[in-house]
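Participant: These are the residues of each chain, in order.
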Amino acid sequence: MHEELRPDEAARALTEIRQRQEQVIKLAIIPTWYWWAIAGLMVGFSAAIDSHRRLAVGIGTSLFVIGVLTATGWVVIGGLRRAQLRNELLGPIGVLAILGFVATVLAVSLPTAFALQAAGLRYPATLGVLVGAVLMVVGGPLLMRYLRRIMLAKRAGSQR
Amino acid sequence: MIKPRFDELIHAPTRLSIVSLLAATEWTDFKFIRDSVGLSDSALSKQLTTLEEAGYVEIRKGFVGKRPRTSARLNSVGRAAFEQHVAALQEIVARAGASVLPD
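Residue numbers (the numbering used here), protein chains in the order written: chain A, 1 to 160; chain B, 1 to 103.
These are calculated hints, taken from the structure and not from any lab test.
You may find that some hints are simply not true.
To be verified - Using 25 Å as the maximum straight-line C-alpha spacing, the simulated SDA-like pairs for lysine to any residue come out as follows: (1) A:154 <-> B:90; (2) A:26 <-> A:74; (3) B:61 <-> A:84; (4) A:26 <-> B:36; (5) B:61 <-> A:87; (6) B:61 <-> A:75; (7) B:46 <-> A:85; (8) A:26 <-> B:79; (9) B:31 <-> A:73; (10) A:154 <-> A:88; (11) A:26 <-> B:69; (12) B:61 <-> A:74; (13) B:66 <-> A:84.
Said to hold, decoys possible - Pair by pair, the computed Cβ-Cβ distance ranges are: (14) A:102 <-> B:35: 31 to 37 Å; (15) B:41 <-> A:73: 25 to 31 Å; (16) B:26 <-> A:51: 21 to 27 Å; (17) A:40 <-> B:35: 28 to 34 Å.
What the hints assert, rightly or not - Here chain A is said to cover these stretches of chain B; the calculated rule only asks that three of the stretch's residues, wherever they fall, bring their Cβ under 8 Å from a Cβ of chain A: (18) 16-26; (19) 87-96.
Just so it is clear, the structure is predicted and the values come from calculations on it, not from any experiment.
Every residue gets a Cβ at the ideal spot worked out from N, C-alpha and C, and that includes glycine.
Please build the complete structure, drawing on both the sequences and the hints.
Facilitator: Okay, here's the thing in structure tokens:
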């Protein structure tokens with residue numbers, strides 16, 4: 001059969017392989033709504049803390065914990081239940097990109113909050129976290145696009 | 001360097017789709033494969049059994065709560081065979097030139 005296989009048939013088979021692997025890799029991509037949800041929860045939590053009211057802090061903390069666990073559980077368990085992507089697809093560069101993203105969000109939001117507090121502004125933590133939240137909403141989908149590119153480049157047969 | 005080797009067992013259209021899905025994952029849920037490839041339960045079972053008998057695939061049966069769950073994964077032999085098969089396909093395409101390269 002090998003000898004009889006025409007080049008266009010081989011090309012079609014390669015396309016099928018690529019499409020199937022893209023289909024699986026898509027499962028590992030965190031959806032855009034997740035970034036908005038986490039960003040909103042972070043800002044709400046900070047606003048509750050900044051209010052210094054015990055009831056608001058209690059409600060804000062509960063909503064934050066429940067919201068983060070629900071959203072993360074939905075995304076992670078939903079993906080894992082269907083298919084568990086191979087770790088090698090992400091590789092050290094992918095892990096570094098994720099850590100770099102988290103570090104950037106923290107490196108921007110924390111100093112902003114402290115600077116605002118030093119300047120005597122009201123709600124410094126909320127404003128600092130708001131900056132971090134904007135970074136997450138903008139950068140999260142960009143990070144996912146980058147990770148998708150890395151994983152597609154590492155899938156079988158991608159190195160021609 | 002992967003040595004190209006055309007694999008007729010993998011190349012059958014349905015099995016090529018299944019193995020391509022499995023190649024990117026550790027364990028894959030039976031229902032996910034079935035829905036992705038568009039097969040019936042029995043047709044997928046048959047294909048997975050063929051791949052298992054060839055020594056390419058491992059099948060795990062378990063329970064999540066009270067629900068039975070079947071998962072499959074490509075083992076190292078299957079992964080190597082798939083990579084060699086992909087290399088063989090690429091070789092055929094490369095010999096023909098750029099005109100038939102997939103997108």
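Participant: Against chain A, does the region 16-26 of chain B show at least 3 residues with beta-carbon separation below 8 Å?
Facilitator: With 8 residues close enough to chain A, the hint holds.
Participant: Measuring from beta carbon to beta carbon, are residue 102 (chain A) and residue 35 (chain B) in 31 to 37 Å?
Facilitator: holds (34 Å)
Participant: Given the hinted pair residue 26 (chain A) and residue 74 (chain A), is their alpha-carbon gap at most 25 Å?
Facilitator: Roughly 15 Å separates the two Cα atoms, so the pair holds.
Participant: Starting from residue 31 (chain B), check that the Cα of residue 73 (chain A) is at most 25 Å away, please.
Facilitator: holds (20 Å)
Participant: Assess, step by step, whether the Cα of residue 26 (chain A) is no farther than 25 Å from the Cα of residue 69 (chain B), and give holds or violated.
Facilitator: holds (22 Å)
Participant: Within a Cα-Cα threshold of 25 Å, do residue 61 (chain B) and residue 75 (chain A) meet the stated pairing?
Facilitator: holds (24 Å)
Participant: Starting from residue 61 (chain B), check that the Cα of residue 84 (chain A) is at most 25 Å away, please.
Facilitator: At roughly 16 Å apart (the allowed maximum being 25 Å), residue 84 (chain A) and residue 61 (chain B) satisfy the hint.
Participant: Run the distance test for residue 61 (chain B) versus residue 74 (chain A): straight-line Cα separation, threshold 25 Å.
Facilitator: holds (24 Å)
Participant: Are the Cα atoms of residue 61 (chain B) and residue 87 (chain A) separated by 25 Å or less?
Facilitator: holds (22 Å)
Participant: Take a quick look at whether residue 26 (chain A) and residue 79 (chain B) sit within 25 Å of each other, Cα to Cα.
Facilitator: holds (21 Å)
Participant: Regarding the pair residue 46 (chain B) and residue 85 (chain A), is the alpha-carbon distance no greater than 25 Å?
Facilitator: Holds - the C-alpha atoms of residue 85 (chain A) and residue 46 (chain B) are around 24 Å apart, at most 25 Å.
Participant: Below or equal to 25 Å on CA atoms is what counts here, so check residue 66 (chain B) against residue 84 (chain A).
Facilitator: Roughly 21 Å separates the two Cα atoms, so the pair holds.
Of the hints listed earlier, the one the structure fails to meet is number 16.
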